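Could you put the whole structure together from the sequences, leaning on the hints where they help?
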Amino acid sequence: MAVIPVDIAGRPYEVKVGTGLLAGLAEHCQGRLRKRRVPVVTDQSVHAAWGGVIEAALHGAGHVAAWRILPPGEATKSWEQLSALVDWLLAEEVERGDHILALGGGVIGDLTGFAASILKRGCHFIQLPTTLLAQVDSSVGGKTAINTPAGKNLVGAFHQPSLVLADLAVLETLPRRELLAGYAEVVKYGLLGDADFFQWCDAHGAAMLDGDGALREYAVAHSVAAKARIVKEDERETLGLRALLNLGHTFGHALEAQTGFSDRLLHGEGVALGMVLAARYSARRGELPQASAEHVARHFAEVGMVSEIRDLGLNCDGRALVQHMLHDKKMDAGTLPFVLLKSIGEAWLAKDVALDDVAAFLDQQLAG
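The sequence shown begins at 27 in my numbering and counts up one residue at a time.
Among the hints, erroneous ones may be present.
Claimed, not checked - Listed below are the simulated DSSO-like cross-link pairs for lysine-lysine, each with C-alpha atoms no more than 27 Å apart in a straight line:
{"id": "1", "residue 1": "Lys61", "residue 2": "Lys146"}
{"id": "2", "residue 1": "Lys258", "residue 2": "Lys377"}
{"id": "3", "residue 1": "Lys368", "residue 2": "Lys355"}
{"id": "4", "residue 1": "Lys368", "residue 2": "Lys356"}
{"id": "5", "residue 1": "Lys258", "residue 2": "Lys42"}
{"id": "6", "residue 1": "Lys258", "residue 2": "Lys356"}
{"id": "7", "residue 1": "Lys355", "residue 2": "Lys258"}
{"id": "8", "residue 1": "Lys146", "residue 2": "Lys377"}
{"id": "9", "residue 1": "Lys61", "residue 2": "Lys42"}
{"id": "10", "residue 1": "Lys377", "residue 2": "Lys355"}
{"id": "11", "residue 1": "Lys258", "residue 2": "Lys368"}
{"id": "12", "residue 1": "Lys356", "residue 2": "Lys377"}
It should be emphasised that the hints constitute simulated quantities derived from the structure, not laboratory data.
Computed from a predicted model, the values in this text were never measured in an experiment.
Right, here's the structure in full:
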């Protein structure tokens, strides 16, 4: 088991990465589960696969799970589900010193974390991420949010978990498409600041995706450690450093919005396409060799991911995608910063991007 500290000032916590952590849940949460009833928020698919493991782990330590089982999918990150979840937690008489368990992917983690941040002005929660994407990205760092009709993650709060248990066993039951979507966030850490890790992905990514346990532990632990270093320095994204973690997200969120935040395009798939677009746009500006940009696209294609937006069959033009970007939460005084690349392994924050040029670039990419 790997243990990665996240040294947030005044609120440090650990991320544990290993196999069998959910079965040993009560032991890892020792001292945090104060009552017999433990609130667990999850979705229907995860409950069907892992609910029994959680029940047994809690029962063995004298606890019982109080379940809040939600529909799977991005639509669950809504005002309606947030309101209903808060009402349920109040009915469960959750106190500030209690811990709510978030068992699921990024949707469940984001929704539960946001509910915990506002319940009684702040309660504790524990992340039990069940997707690769959540294990390497959304469960770490304290960003919580819901979606609104105006855009993705526009209403939320910074609220750090008390503990993250990334059980690699859950990856064995994860659909291939979900695994690939999470892999996009693994690759991101190489592209934004670690060329050697991108080379590792080139050499070992396919075997990791195919099930090599040691490679999976390394990929998750290395990614978490990379994010922990950035979050420690810039927890609330005020210095520009944490903004680099948004590599691919400005383009990707626009694609997600255009596809209705639906299963037509998973978040990680949008991020992968967004990183391809960010690389190619960097090349368009003369800041990244074109060969490097195509290397990024080729890497995703070789592991079986869509790497061209023309293959999505979108019924829109570049201007429509740019319109989605205008709702991006990173807008600052009418300017939208873009995370671009100077090389594989070196990202930077560009604040001089003309959106008309982005629209023209996207028209070219849509046309192929």
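Does Lys355 lie within 27 Å of Lys377 when you go C-alpha to C-alpha? 15 Å, holds
Taking only the CA atoms, is the gap from Lys61 to Lys42 under or equal to 27 Å? 23 Å, holds
Hint check: Lys355 vs Lys258, CA-CA at most 27 Å. Holds or violated? 21 Å, holds
Take a quick look at whether Lys258 and Lys377 sit within 27 Å of each other, Cα to Cα. 24 Å, holds
Under the criterion that the straight-line Cα-Cα distance not exceed 27 Å, is the pair Lys258, Lys356 satisfied? Holds, at roughly 20 Å.
Assess, step by step, whether the Cα of Lys368 is no farther than 27 Å from the Cα of Lys356, and give holds or violated. 21 Å, holds
27 Å limit on alpha-carbon distance, applied to hinted pair Lys258 and Lys368: 24 Å, holds
Lys61 and Lys146: Cα distance at most 27 Å? Since the Cα atoms of Lys61 and Lys146 sit roughly 18 Å apart, the hinted pair holds (cutoff 27 Å).
Holds or violated: Lys258 to Lys42, with C-alpha atoms at most 27 Å apart: Holds, at roughly 17 Å.
When you check the alpha-carbon spacing of Lys368 and Lys355, does it fall within 27 Å? 24 Å, holds
What's the verdict on Lys356 and Lys377, does the C-alpha distance respect the 27 Å limit or exceed it? 11 Å, holds
Mind checking the alpha carbons of Lys146 and Lys377 for me, to see if they're no more than 27 Å apart? 38 Å, violated
Of the numbered hints listed earlier, the single one contradicted by the structure is hint 8.
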